[in-house]
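Going down the list, the sequences are from chains A and B.
Going by the numbering used here, the first sequence opens with residue 1, and the numbers climb by one from there.
Going by the numbering used here, the second sequence opens with residue 1001, and the numbers climb by one from there.
Heads up, some of the hints might be wrong.
Partial pick of chain B residues on the chain A-facing surface, computed with a CB cut under 8 Å [stated by the list, open to error]:
# : residue
1 : P1008
2 : F1042
3 : G1102
4 : F1106
5 : E1108
Dumping the calculated DSSO-like pairs for lysine-lysine here, alpha-carbon to alpha-carbon at most 27 Å [as the list claims (entries may be wrong)]:
# : chain 1 : residue 1 : chain 2 : residue 2
6 : B       : K1009     : A       : K70
7 : B       : K1044     : B       : K1009
8 : A       : K109      : B       : K1052
Here are the simulated distance ranges between beta carbons [said to hold, decoys possible]:
#  : chain 1 : residue 1 : chain 2 : residue 2 : range
9  : A       : T20       : B       : D1018     : 40 to 48 Å
10 : A       : G53       : B       : D1018     : 48 to 56 Å
11 : A       : R38       : B       : E1058     : 38 to 46 Å
12 : A       : T82       : B       : K1052     : 25 to 33 Å
13 : B       : K1044     : A       : V13       : 41 to 49 Å
The hints are simulated quantities; they were obtained by calculation from the structure and are not laboratory data.
Where a beta carbon is used, it is the ideal one built from N, C-alpha and C, also for glycine.
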Amino acid sequence: GQQVMQIPQYQHVQEGEDFTTYCNSSTTLSNIQWYKQRPGGHPVFLIQLVKSGEVKKQKRLTFQFGEAKKNSSLHITATQTTDVGTYFCAVVPYSGAGSYQLTFGKGTKLSVIP
Amino acid sequence: DTAVSQTPKYLVTQMGNDKSIKCEQNLGHDTMYWYKQDSKKFLKIMFSYNNKELIINETVPNRFSPKSPDKAHLNLHINSLELGDSAVYFCASSQEFTDLTGELFFGEGSRLTVL
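Bound-form chain B, shown alone (with noise of 0.2 Å):
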């Protein structure tokens, strides 16, 4: 079974669309994340939500928003897409948010490609 897993694993659509990337972790943990990887390979935080509330919401265009239905799903929902938000989205999880994280679990990855 994988540990993380995000659907769907390609993305291809035009500008001004809105699309969702979901995200399970059947891991039991209690804090998932999302992460952009740019064309440089630079992997960015986005969100991290522990037990369903949102903890870190760096500078993201408000275009970008994650939902929690609960602690195991970590959806991103983008609205009115652009040529920038191309790029590898990663989900991850960990067992807690502390100073001692422990790994994070990533997911495969999902490409979006905006045209």
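The shape of chain A in the complex, shown without the other chains (with noise of 0.2 Å):
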């Protein structure tokens, strides 16, 4: 089955810094998303990659899809403690089976220390 791998699992990062996550797949995507859930909350869509080598900003957040398709990043420029949350990346394999199914890395925790 599909296999996506999220790292790191846990960031602890002082508020003004930079923090970084990155979604790894075994197989050729093709689209991927990006939710961030809150502590208590419930996952939120932030964005969907579609093309080979996208690269999309929302303010401090910056997604960019690899030129395969297999894998994505998602970064942030100084941290703030409204940016506590688990990341999570989404992904739909390339398939002619027609398989659409979305499947969710593990996501990685981020802490902000004020």
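Hey, can you piece these two chains together into the complex? The hints should help.
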């Protein structure tokens, strides 16, 4: 089945430092999505990447899709306490069989020390 | 108005009991899902329905039975509850089920504790 590895599992940063989480797939992907889950909350969609090499920005967040469409990264510049939470990637494999199942990575839990 | 609402939010019950969680979405989406999030925060899909038809049924014990009376509702019934069923169950919906599914909208979750 689809294998998705997300690293690191945990990250503690000082407020103002940068943060990056990586998502790696064993197979080529159709697209990848990123979600954020605040403590005690539910996952909330951040972005979807579709094209090879795509880079998208949302304020301090930068999302990148690898050229081979097998990996992705989420980078946060100058973290704030509001960035605390678990960041999940979710992938859809490229499959001619029409399997559109979204598989979630195990998430990266970000703690920000004020 | 809440886009995806699920009830109850908290459920505490004894082993062996049967319980249901209800989910409703007012987004007009065709596809609904149930996800289980365990204590390690791993999100695992259980079921997916597209226009009231089951399209994903992961390896889930048959004690779990989803029911979709219409495309706006997807309920989850669990028989003979076990300790390992304790988790947060999230309902979600998306506009369609293709390779560009688009974003999932999640409900707030139902925390099930089995004693």
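Each hint tested on the structure:
1. For P1008 (chain B), the interface hint is violated, the least distance from its beta-carbon to any beta-carbon of chain A being 15 Å, above 8 Å.
2. With 8 Å as the threshold, the beta carbon of F1042 (chain B) comes within range of chain A, its nearest partner Cβ sitting at about 5 Å, so the hint holds.
3. Nearest Cβ of chain A to the Cβ of G1102 (chain B): about 7 Å, under the 8 Å cut. The hint holds.
4. The beta carbon of F1106 (chain B) is positioned within 8 Å of a beta carbon in chain A (closest approach about 4 Å), and the interface hint is therefore held.
5. The interface hint given for E1108 (chain B) holds, since its Cβ lies 5 Å from the closest Cβ of chain A, which is under the 8 Å cut-off.
6. About 37 Å separates the Cα atoms of K1009 (chain B) and K70 (chain A), which puts this hinted pair outside 27 Å; it is violated.
7. Under the criterion of a C-alpha separation no larger than 27 Å, the hint pairing K1044 (chain B) with K1009 (chain B) is consistent with the structure, at around 19 Å.
8. At roughly 35 Å between alpha-carbon atoms, K109 (chain A) and K1052 (chain B) are farther apart than 27 Å, so this suggested pair is violated.
9. T20 (chain A) and D1018 (chain B) have their C-beta atoms about 45 Å apart, which keeps the hinted 40 to 48 Å range intact.
10. Between G53 (chain A) and D1018 (chain B) the CB atoms are about 51 Å apart, so this pair conforms to the stated range of 48 to 56 Å.
11. Remark: the range hint 38 to 46 Å for R38 (chain A) to E1058 (chain B) is contradicted by a beta-carbon distance near 26 Å.
12. For T82 (chain A) and K1052 (chain B), the Cβ-Cβ distance of about 39 Å falls outside the hinted range of 25 to 33 Å, so the restraint is violated.
13. At about 28 Å, the CB distance of K1044 (chain B) to V13 (chain A) disagrees with the hint of 41 to 49 Å.
The structure does not agree with the numbered hints 1, 6, 8, 11, 12, 13 stated previously, though it agrees with the rest.
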